[in-house]
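Given the structure of chain A, go ahead and fit chain B onto it with the hints provided.
As given, the protein sequences belong to chains A and B, one line each in that order. Counting in my numbering, the first sequence runs from 8 upward without gaps. Counting in my numbering, the second sequence runs from 197 upward without gaps.
Hints were generated in silico from the structure; no laboratory data involved. Be careful, since some hints might not be right.
[Stated by the list, open to error] Straight-line distance between alpha carbons at most 30 angstroms, and here's what the computed DSBU-like set of lysine-lysine pairs gives:
1) B:Lys626 <-> B:Lys568
2) B:Lys626 <-> A:Lys654
3) A:Lys639 <-> A:Lys654
4) A:Lys211 <-> A:Lys551
5) A:Lys386 <-> A:Lys514
6) B:Lys626 <-> B:Lys302
7) B:Lys626 <-> A:Lys639
8) A:Lys634 <-> B:Lys626
9) B:Lys307 <-> A:Lys658
10) A:Lys514 <-> A:Lys422
[What the hints assert, rightly or not] Partner residues aside, some chain A positions facing chain B, computed with beta carbon under 8 angstroms:
11) Ala153
12) Pro169
13) Leu191
14) Lys654
15) Leu705
Computed from a predicted structure; not experimentally measured. Ideal placement from N, C-alpha and C gives every residue a C-beta, glycine not left out.
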Amino acid sequence: MDMKSLYLLVPMAPLVGAIIAGLFCRIIPRWVAHTATIAGVAIAFITSIVIFKDVMAGNTFNGAVYQWLTSGDYKFEVGFLIDSLTVTMMLVVTSVSLMVHIYTIGYMQEDPGYNRFFSYISLFTFSMLMLVMSNNFMQLFFGWEAVGLVSYLLIGFWYTRPTAIFANMKAFLVNRVGDFGFILGIGLVLAHFGSLDYATVFQKAPEFANVTINIWGSSEWSLMTVTCILLFIGAMGKSAQVPLHVWLPDSMEGPTPISALIHAATMVTAGIFMVARMSPLFELSTTALSFVIVIGSITALFMGFLGIIQNDIKRVVAYSTLSQLGYMTVALGASAYSVAIFHLMTHAFFKALLFLGAGSVIIGMHHDQDIRNMGGLRKYMPITWITSLIGSLALIGTPLFAGFYSKDSIIEAVKFSNIPGSGFAYFAVMAGVFVTAFYSFRMYFLVFHGEERFGKAHDDHGHAAHDAAAHTKSAHDDHAGHGDHDGDHDDEEVSHDHHHGLAPGQKPHESPWVVTLPLVLLAIPSVIIGFIGVGPLVFGDYFKMTIPGTNGIPVIFIDNAAHPAMAEFATHFHGAAAMAMHAFSTAPFWLALSGVALSWFFYMKRPDIPAAIKARFEWLYTVLDNKYYFDKFNEAFFAGGARMLGKGLWKGGDVAVIDGTINGSARLVGWVASAVRCFQTGHIYSYAFTMIIGLVVLMTLWVVRA
Amino acid sequence: MSGYPLLSLAIWIPILAGLLTLATGSDRNAPLARMLALAGAVVGCLVTIPLWAGFDLTTPAMQFVELAPWVPRFNINYHLGVDGISMLFVILNSFITIIVVLAGWKVIEQKVAQYNAAFLIMSGLMNGIFTSLDGMLFYVFFEASLIPLYLIIGVWGGPNRVYAAFKFFLYTLAGSLLFLVAQLYLFINSGGSFSILDWHQMPIPMGAQIWIFLAFLIAFAVKVPMWPVHTWLPDAHVEAPTGGSIVLAAIGLKLGAYGFLRFSLPITPDASHELGGLVIALSLIAIVYIGFVALVQDDMKKLVAYSSVAHMGFVTLGFFMFNAMGIEGALVQMISHGFVSGAMFFSIGVMYDRVHSRQIADYGGVVNKMPKFAAFFMLFTMANAGLPATSGFVGEFMVILGAVSYNFWVAFAAATTMIVGAAYSLWMYKRVVLAMSPITTWKRWKTSPVASS
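So that you can see chain A by itself, here it is in the shape it has in the complex (with noise of 0.2 angstroms):
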């Protein structure tokens, strides 16, 4: 079989599997449905590998596969481009997607919708795998699209639950914004560039680089800045950063496989992987970079906080997402895009792992997900509890885990950037470790230690008024969401009994193989992938290659002599080991550790303290418990602010106005015309009457004339 081939077997398997299980998924049984899925999933692994070593010998790709569309002079195509960046999202995508796959066999077992979720699981795969080797701007926003259509399927795959269909809904809407700049950056290629291929528009953006065009008045803006901004605008919908991250957090009504791969490892990370791709361009605009490096620092630092007060397992691991997601693109900001995508890369398997392990929490907690009801959990779920703890001090960059070498890695490009802006964005990258370390283990504290808190009465978890009323709502929304099954449905329901919680003296219970198999495959890379990959993926040759079609133009490309952190960081490296070593005298170590020791005394030792703190600063615990007030933000002004608008459109402008003037009119022509229905009274008096009086009018202007 020739490359080609492969190239396409690796989206289409998971196609296929897609289609079988969401075509048929009324008829077939649930074991054809999860292994043709899965079957699909690990075609296109394998195949990744495969493609992989190929790469790895120097055969790249870049070709059209089938032509969509032409008009006039531009073409549009389905194309891939294959080099290393590719296939290492390739390989990212396509594992994460593997033990998912895997893992939903335990987690979606009671659930009727189970072949739908396989379905749209390996949808999602098909759609992020289009995303990540398209060779030009319109089949990457197809994917971009794609993936967020899936997302939406997905976010609302418990559509009975009136807080999911919300959540569904505000993730479209809030990516949509993203896009409606993103597009406008893809429109501004196309118009200057006159392409939308990838090689072309790398090839002629030197050219465009002091490129001005006229914006607004007479005032004159870098195309590269407008264009660059403007794409990076769509990476903020997708990527989740501040103030596109609302939707991120809702996400978590959907099932927890899907955050892991969807939320966590994978989609979300589409807008990183972009601006990577996007490096030729984005180095062209030194003032666009600093807008990324701003954004990213905000999110990485500020959803840190976020993560402190949750009390929803998951909740927390979303704002521990928000804030890493951040990381990376602090990294994208200060030009450091191979250490973004090895960071992306790191991230996609310690999340992944630590969603997967609060999702056997879930199960072993029989769906109860608040925190303040666990405890001591590691006696029950040992295997659970190991790989947590793995995630966890990948997480907070542990040395000689993965999290370490990529976060470091950030940490230190960062230090020797000169953009403006890098100074606040090592201050908050250096202040995040301590974050990150604090809630991290403050979960896996409350989880895994300390007192069992689980099968009591429930009313006891009220600690302060508002805690209590929040819980009392979830409860009530939950309750309604299950009010309607009443009535002779035919279809598939939601038997799920989401925070039903263990009954007072039931044990919790480690998970079946399916769903601690995947934990145990994932907590393998979480380990050693930094070790491995640190030397060649962040200062070796990996990224180095020529895009084909272009004329050497490397995979990453820096411009060193205007960002020359990448390349004065370079100097400082000596190997994964000496990185380690290193670690043990460096700031953010001793913040980690820190972190976690604050937390250790804080939760286990005196666990009146944050109590304390909390009563003490009430304020401070009320902005964070409202997320900044964002969501109330976007609720009042936009939200409301758009339905204000077109009411006051449509009653003023259409109803008022519009038809006023046009019924008004045809008022007036009824008025005209009953005046001059006066004159036609049907009586032959008033007509010879009024025809005397019209002869001798005539006849006196006659007489008069004459």
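Same frame as chain A, but now just chain B:
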């Protein structure tokens, strides 16, 4: 190429079938009337297939031309022909006719023969509009097609049908009178020709072009409809039966856009450039303003009607930017909108037949009762929101890309539809199909005879 007068067949088969259906008379023969109508619609659609198959892609000239004198005294000819654009509309129209006959199969129980006859005759007349190459012939078809739709709304419509039917009729009639005046001017100045193709070749002074363009603009803007002459559309849609809404959205609205392509742009090119800014401004108002208006509608049909106005704004926007991408995008958008809006109205009709309400507030949880329907409705909703891999995406995407090279801010305004279009589509889907249903509706579900079938 076959020797049959395919275009005449496409026009007259539906009309004859319509007359035959009408002849079956009273509702006692309703099943026969339905079968006859379906047969007419299917045959009418089949004869358009050779148009597609035999179409010569290598020439921009008119194909399948038929020419015969009609009123020799005024040099009016029965002159038909299609190019790549009109051919698509003939096929779309003939296909939609089958759909509307089926859409009324069970629901229409009174005056069945007349109902189906009106649709078939209208279908033939519409094909006449798309294939006419003679200005007067076009005008006759254009005006005649008003009558069946007027009757459909006025007879089989909802409670406020008389107001809606009058509004629809008067608006379009007022527009087309100016169109007639412009045609007479062209007839006199071309030395007595009603051939549209002759008019395309004719040089016209700028001053006259402006007036002709404005006359065309008013006539076609009402049909599209463009802001601010759009308010007849929501009323017409709300009162029309499902089939009427489908035809109106899928074909009726295309007549105006087709008029721009066949008359305004080629006959008055300089004025089109001169006044293109005006049309673009109106189109952008339609896209942005109407998008917000659609968002707050409580009535599903009104919501989709308003979204049609916004989508047609993309068509007129694409035409008047004068770049290839924009015009091609606009054409794709026309065809796509024909299918998508037709499908949306069909879906609403399906729900209306079961619950007898169009109010969004009366629905909820439809997915529990009709999961397969919900999946299809999701597809159409996503197409309405312009999601990639649906036809709704291609047109919008191309017009927005074309707009960026025309003017960045035009593209900016047009691209807001990415957000607003998704908002009104998905919000409706959420409230109607997903969210929990009010108890009143559930009761109606259970008592409705159709729901249990």
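Hints and how they fare:
1. B:Lys626 <-> B:Lys568: 16 angstroms, holds
2. B:Lys626 <-> A:Lys654: Given pair Lys626 (chain B), Lys654 (chain A) holds - Cα atoms ~20 angstroms apart, limit 30 angstroms.
3. A:Lys639 <-> A:Lys654: Given that 30 angstroms is the threshold and the Cα spacing comes to 21 angstroms, the pair holds.
4. A:Lys211 <-> A:Lys551: Distance ~19 angstroms between Lys211 (chain A) and Lys551 (chain A) Cα, so the pair holds.
5. A:Lys386 <-> A:Lys514: 10 angstroms, holds
6. B:Lys626 <-> B:Lys302: Between Lys626 (chain B) and Lys302 (chain B) the Cα gap is close to 28 angstroms, so the pair holds against 30 angstroms.
7. B:Lys626 <-> A:Lys639: Judged against 30 angstroms, a Cα distance of about 21 angstroms means the pair holds.
8. A:Lys634 <-> B:Lys626: 25 angstroms, holds
9. B:Lys307 <-> A:Lys658: With a Cα-Cα distance of about 37 angstroms, the restraint between Lys307 (chain B) and Lys658 (chain A) is violated, given a limit of 30 angstroms.
10. A:Lys514 <-> A:Lys422: 49 angstroms, violated
11. Ala153: Hint holds; Ala153 (chain A) Cβ to chain B Cβ min 6 angstroms, cut 8 angstroms.
12. Pro169: Pro169 (chain A) check passes; min Cβ-Cβ to chain B is 7 angstroms, inside 8 angstroms.
13. Leu191: At about 6 angstroms, which falls below the 8 angstroms cut-off, the nearest Cβ of chain B leaves the hint on Leu191 (chain A) intact, so it holds.
14. Lys654: This interface hint holds because 5 angstroms falls under the 8 angstroms limit.
15. Leu705: Interface hint status for Leu705 (chain A): violated (34 angstroms vs cutoff 8 angstroms).
Violation of the numbered hints given earlier is confined to hints 9, 10, 15; the remaining hints are satisfied by the structure.
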